[in-house]
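**Student:** Sequence:
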Amino acid sequence: MGETPRLVATDIDGTLLRDDRTVSPRTAEVLARISARGTPVVLVTGRPIRWMKLVYEQLAEPLPAICANGAVVYDPVGDEVLRADPLAPELLAEVARRLRAEVPGVSFAVEVTDSRQMRHEAHYPMRWDADHDAIRAVESPEELLEAPAVKLLARAGEQDPDAFVELVAAALEGLAEATHSSYSGLVEISAAGVTKAAGLAWYCGRLGIDAADVLAFGDMPNDVPMLTWAGRAVAVANAHRAVLEIAHEVAPANGEDGVAAHLEKVFGVG
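Take the sequence shown: its position 199, counting from 1, is numbered 215 in our numbering, and each next residue is one higher.
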């Protein structure tokens, strides 16, 4: 990579956001300055579209987002999905069948309608206040698998997240992608080949930008494909060990405006 990246890609939770889910004024200002100079900034996240409002409200202007770990490419200006790569119903059914056989007590939720809505089994543990318009329980397991889903979520009580994702990935090898971005044993499942790297590569291809010219930030295992693909990979200091092992550089922690601090240095802003 040359001195100045042609595109900046950053994870949100645990990377760009502080632990209280706020974007610091410093971070918002740095992103605005870089965008104003003509360098695209893209948010690359496991979050669904419906959760992006929380972030956009704290930025000078909404930024393009690759949501659901690469399955959805979203233009917030036009509220338009540019690309979606969901798990088909028959694939969802096979994934669920394998995991029910392999993981006692597993429960599922799905992100549907390009991640604008979520459906979950009645016994799936919700970790946040449900938006009843967008999030609701299904009446039967079959109903959960009727529509294409950009992400399938699996829980089985409290699990070691790294061990649990290995178990799920082994059960689904060749069928779907499994990753995680939490410390509570939540596994996130996408269609085969769908990762943050794939979504970002598609977006960069539209702009004529090569991987070598991308600067990417992340903190969790679901960021590893993107960080491996990008020409310059930066982990925040609070990152999971899998991210720290493959990063080219380490920025300060998310609570210390690590992304902003690193961008100020690279772009000479701040």
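Among the hints, erroneous ones may be present.
[What the hints assert, rightly or not] Label pairs and their calculated CB-CB ranges:
1) Pro41 <-> Glu106: 20 to 30 Å
2) Ala138 <-> Ala179: 36 to 46 Å
3) Thr244 <-> Ala153: 15 to 25 Å
4) Glu265 <-> Ser200: 42 to 52 Å
5) Glu77 <-> Ala138: 31 to 41 Å
6) Asp91 <-> Gly173: 37 to 47 Å
7) Ala258 <-> Arg116: 34 to 44 Å
8) Ala52 <-> Ile262: 41 to 51 Å
9) Glu158 <-> Ala208: 43 to 53 Å
10) Ala179 <-> Pro141: 35 to 45 Å
I should point out that these hints are in silico values taken from the structure, not numbers from a laboratory.
C-beta atoms are modelled at their ideal positions from N, C-alpha and C, and glycine is treated no differently.
**Student:** For each hint, tell me whether it holds in the structure or not.
**Tutor:** Status of the hints after comparison with the structure:
1. Pro41 <-> Glu106: 20 to 30 Å: Hint violated: Cβ distance 48 Å, outside 20 to 30 Å.
2. Ala138 <-> Ala179: 36 to 46 Å: violated, 27 Å
3. Thr244 <-> Ala153: 15 to 25 Å: violated, 37 Å
4. Glu265 <-> Ser200: 42 to 52 Å: For Ser200 against Glu265, whose Cβ atoms are near 29 Å apart, the range 42 to 52 Å is violated.
5. Glu77 <-> Ala138: 31 to 41 Å: holds, 40 Å
6. Asp91 <-> Gly173: 37 to 47 Å: Cβ of Asp91 to Cβ of Gly173: about 38 Å, so the range 37 to 47 Å holds.
7. Ala258 <-> Arg116: 34 to 44 Å: Violated - the Cβ-Cβ distance for Ala258 and Arg116, about 28 Å, lies outside 34 to 44 Å.
8. Ala52 <-> Ile262: 41 to 51 Å: violated, 31 Å
9. Glu158 <-> Ala208: 43 to 53 Å: violated, 23 Å
10. Ala179 <-> Pro141: 35 to 45 Å: violated, 19 Å
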